[in-house]
Every structure is written in C-alpha cells, then in structure tokens.
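J.: In case you want the letters, here they are:
There are 2 protein chains.
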Amino acid sequence: MKQYTYKMGLTKSEIFTEQQNKIALIAKVFGHPARVAILEHLFRINSCVCGDLVDEIGLAQPTISQHLKELKHLGLIKGSIEGTSVCYCINLENWMNMKKVMLVFLDQDISKVNLC
Amino acid sequence: MKQYTYKMGLTKSEIFTEQQNKIALIAKVFGHPARVAILEHLFRINSCVCGDLVDEIGLAQPTISQHLKELKHLGLIKGSIEGTSVCYCINLENWMNMKKVMLVFLDQDISKVNLC
DNA sequence: TTGTTTCATTGCAATATTACGATTAATAAT
DNA sequence: ATTATTAATCGTAATATTGCAATGAAACAA
Chain R
0 MKQYTYKMGL
10 TKSEIFTEQQ
20 NKIALIAKVF
30 GHPARVAILE
40 HLFRINSCVC
50 GDLVDEIGLA
60 QPTISQHLKE
70 LKHLGLIKGS
80 IEGTSVCYCI
90 NLENWMNMKK
100 VMLVFLDQDI
110 SKVNLC
Chain B
0 MKQYTYKMGL
10 TKSEIFTEQQ
20 NKIALIAKVF
30 GHPARVAILE
40 HLFRINSCVC
50 GDLVDEIGLA
60 QPTISQHLKE
70 LKHLGLIKGS
80 IEGTSVCYCI
90 NLENWMNMKK
100 VMLVFLDQDI
110 SKVNLC
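Protein chains in written order, with numbering that gives the first Met the number 0: chain R, 0 to 115; chain B, 0 to 115.
It is possible that part of the hints are untrue.
Note that identical chains are pooled: a pair holds if it fits in a single copy or bridges any two copies.
[Stated by the list, open to error] In silico lysine to aspartate or glutamate, EDC-like type, Cα no more than 20 Å apart, as pairs:
#	residue 1	residue 2
1	LYS98	ASP108
2	LYS99	GLU39
3	LYS98	GLU39
4	LYS11	GLU55
5	LYS71	GLU81
6	LYS111	ASP51
7	LYS99	GLU17
Just so you know, the hints here were simulated from the structure itself, not pulled from any lab data.
Note that the structure is predicted; figures quoted are calculated from it, not measured.
Given these sequences and hints, build the entire structure.
T.: This is the structure we're talking about:
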C-alpha cells in the first residue's frame, strides 16, 4: 500500500512510525466534510459521476474534482471513464484495509488508562 | 459535545451535515502523526507530563504543547496541574464518544456498494 | 529573594489547504 | 466539421498548519 507513504509537507514524518504516518494520512483525507460526504454518497448510491456530486454537495466542479483526486490518491475510490463522464465508486478492498488500520488505532486498550 | 462545532477556515461547513462536520473535525485532529503518537503514548503510559512527550516524540517543546492543545480542544485528553508540571491523560468518556462517531462512519454498509 | 524547572504563549517563516474562475482535453451529438 | 457535455487541470487568493526560537507565567528549591 504505497498510498500511505507520502510526504506531509512541514510535518517531520521521518520521526514517526510507519503506522503512525499511515493513520495520520488516512485521517487527513477524512478531515474535510466534503470528502466525508462524497464517500457517504458513494456508499448510498451504487454508481456515481462527478456531476452528480457537484449537485449533491454544492461545491464548484473543480473543487469536487480536487477532493475526488485526494480520495483516489489514497485508493479509497476508483473511477472508470464512461463516455464523457467518469463513474466513481468505492474501492472496497482498500476501504477494508484502511478500516483495519484505523480500528487498531481506535480500539486501544483502555483497561490500563490512568485518569487524572 | 460542543467540541465538534468549530469553524474550519475556508471550509464551507454550513453546507454539510453536523455528522459530516463532526467526523471531519475528529479526523483532522488525527491527521498528524505527532498527535497519533501522543495519544498512543498516553494509552501505553498511565500518566504523563509534557516533558516526557518532548523526549519521547522528538519535536520541540512548543510544538508538542501546541499539539496537546488541539487534543485538549477536541476533549480527547485532559491535563491536571501537579506543581510545575502538567499531568495529561486520556479523557475516556470523550474518547468513547469520539469512537462511536468514527465507527458509524467506518462501518458503512458495504453490501449494496457497486463496483466499477 | 534568586534561581530553576516546567509548560504555555507569542511571533514568525515555510508550506499546505480550500475554493473557484478560466481553460483544456476528450468524447458525444448534430 | 461544429457544437455541447463532462471532468481534469491551471492559476490564484484567502486562510490554515507546522515548527521553533524567544519569552512569559507559575510553582518549587536554595
């Protein structure tokens, strides 16, 4: 999964574990409501083109296109060209892998946590 | 949980659902490996002060302090003053609530997803 | 009191993100 | 061939993020 190995700008990625960088890169993509909305829409609707999303979400076409690019970059969606339009959908295999990574982080052992 | 209702800069939060904004705000905080590392450290170690984290993580003290502030802001950690140092720990109740929100998003129904 | 420790805050430079108008590229329709 | 449709890309403005040196504030130690 080379999607998870990007540089993060000013972020000093090299001092963190691969796992920590993975989680951060995934989370960063989820860190915008438009991308959350796009994913939810793709889960609800079977098939989808970019134009639908522009109407559905209410941002300009270049903006949606840019968000789609980031989701594609992480591998969570894939698009297939159909005439003049592009059919985007969830990349299930990568979604499952992503989920696994996030669950390891979210399901941390709380039994030994000290309260202060 | 008023932690989830912040403005997101250029982001047009008003056109998204409260749920979508919640998820994005949580994810944004997880979108930096230092904050992931801090949380993992707080789960591993019972109690913790900022200085420990500076040594542990390898960023300058003001940088760690800033990341701690964001985690505190979302309510995922809380700090209690102990002399000259501050004891930070996980806010378990808020952690559980956060987890619930994220799991609803991650555990979306994949049975009806169309592949393309 | 004077210094020491510890963490927060301020200020700033470098870079990233968000959003959109304008344009381009590619296909489809007439 | 010409025009329409659709989505990607470019360019740019506004804003946010990251990181750290310098400084500040508060509690403790001598």
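J.: Give the relationship of LYS99 and GLU17 under a CA distance limit of 20 Å: within one copy only, between copies only, both, or neither.
T.: Intra 15 Å, inter 25 Å, cutoff 20 Å: intra-copy only.
J.: State whether the alpha carbon distance between LYS71 and GLU81 is at most 20 Å within one copy, between copies, both, or neither.
T.: within (17 Å within a copy, 47 Å between copies)
J.: Could you place LYS11 and GLU55 in one of the four classes (within, between, both, neither) given a Cα distance threshold of 20 Å?
T.: Close across copies (14 Å), not inside one copy (37 Å); limit 20 Å.
J.: At most 20 Å between CA atoms: does that hold for LYS99 and GLU39 within a copy, between copies, both, or neither?
T.: Classified as both: same-chain Cα gap 18 Å, cross-chain 17 Å, threshold 20 Å.
J.: Please work out whether the CA atoms of LYS111 and ASP51 approach to 20 Å or closer within one copy, between two copies, in both situations, or in neither?
T.: between (48 Å within a copy, 18 Å between copies)
J.: For LYS98 vs ASP108, is the C-alpha pair at or below 20 Å within one copy, between two copies, both, or neither?
T.: The answer is both: 18 Å in one copy and 13 Å across copies each meet 20 Å.
J.: Measure nothing new, just compare the shortest in-copy and cross-copy C-alpha distances for LYS98 and GLU39 to 20 Å and report within, between, both or neither.
T.: Both, since 15 Å and 18 Å are each at most 20 Å.
Of the numbered hints stated above, none is contradicted by the structure.
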